[in-house]
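J.: Next come the chains, spelled out residue by residue.
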Amino acid sequence: MGPRLKLFLPLILFAMLAITLFRGLSLDPSEMPSALIDRPFPAFNLPRLGGPGLLSQADLEGQVSLLNVWATWCVACRVEHPYLKQLAQRGIPLFGINYKDNDADAERWLDELGDPYRFNIADREGTLGLDLGVYGAPETYLVDAKGVIRYRHVGVVDEGVWKTVLEPLYQSLTVESGAQ
Amino acid sequence: MEDGSRAFVSVADSGEWRAMKSACWLFFTAALVIFVGPALALVETYDFSDAELEVRYQNLTEELRCPKCQNQNIADSNAPIAQDLRRLLHQQLEEGDSDAEILDHMVARYGEFVRYRPSFGGVSIILWLAPALLLLAAFGVLLLTLRSKSRAATAGVASLSVEEQARLQSLLNKAEQDS
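Respectively, the protein sequence lines represent chains A and B. Okay, so the first sequence: first residue is 3 according to my numbering, each after it adds one. Okay, so the second sequence: first residue is 882 according to my numbering, each after it adds one.
Among the clues, some could well be false.
Unchecked claim - Here chain A is said to cover these stretches of chain B; the calculated rule only asks that three of the stretch's residues, wherever they fall, bring their Cβ under 8 Å from a Cβ of chain A:
| hint | stretch |
| --- | --- |
| 1 | 945-958 |
| 2 | 962-975 |
| 3 | 986-1000 |
No wet-lab data here; the hints were simulated from the structure. Ideal Cβ placement from N, Cα and C applies to all residues, glycine included.
All chains should be built: construct the whole structure from the sequences, respecting the hints.
T.: Structure, rendered in structure tokens:
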């Protein structure tokens, strides 16, 4: 190592540290990718909200779909609800997991605000939530036609999230499943 | 002194004092109900069939990180998800799962994030090896610096010519005379 280079060593080290820390400023520490990405949807056998019969992971297969974890106690769920209705109107298959909620409250919510879901899984004890690694509603999972989880979004789904993140993924998965 | 105590007795006997006393009691009782009540309701307790299970429960709740909260383990957190995980943990312990099985179960759902002591392997190998590597690097730098310093010192002495030595000596002598 030349003496010139040695002279600049502290500056180089400082620059490296500065770059690392600067990168850290724009990282989101609460961003946590799901541990279940590219894994099959966890097996479950839970009642259908407001209806007879049990639902299982097989009921989600057959098309690319969005799976929305919601509850009546969740304030942000009320915020995203109108946008979910828009998505359902556009024909996006949307399923719901009513997470740790009271069935009567959930049904009243759907009666009053409208029901964008094809069906709702009543996860009263939050057992499916635990298997999915849910840590706070609302969460939205993108599940492919074979029932494999491909993406998880934590927080409100709105126009911005749909256009920039979910829709491109949804489109490419739809193409992928159509090709097979 | 006597006057003071007599005054106290007379006030203590008066109805006004009694009313104040009962108001105080009421206040403290209300405060207890308001502030302590929810705290008691939030900390759930579990019965264990074995004392050893309880020790493992304590250790695991301290090692598992609450997924919702950034820097709390599930023992300290009162987030609903932490409560759910404690309940799951209790259930798994009672079912006879080993610590490794329980941690694998949690990591499969919540990722490595959920462990405060990440496993040795994958990306976290950097975390485990970094301290040792940095220490080695520091020793290396120290060794190189010391060696080049001693080399420079000996080289410096040897590189003075006879003339320079003489000049140095005269300068030193001059400095001594001046002082």
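J.: Work down the list of hints and note, for each, if the structure agrees.
T.: Okay, the hints, checked on the actual structure:
| no. | hint | verdict |
| --- | --- | --- |
| 1 | 945-958 | holds (count 3) |
| 2 | 962-975 | holds (count 4) |
| 3 | 986-1000 | holds (count 6) |
Checked against the numbered hints listed earlier, the structure breaks none of them; every hint is satisfied.
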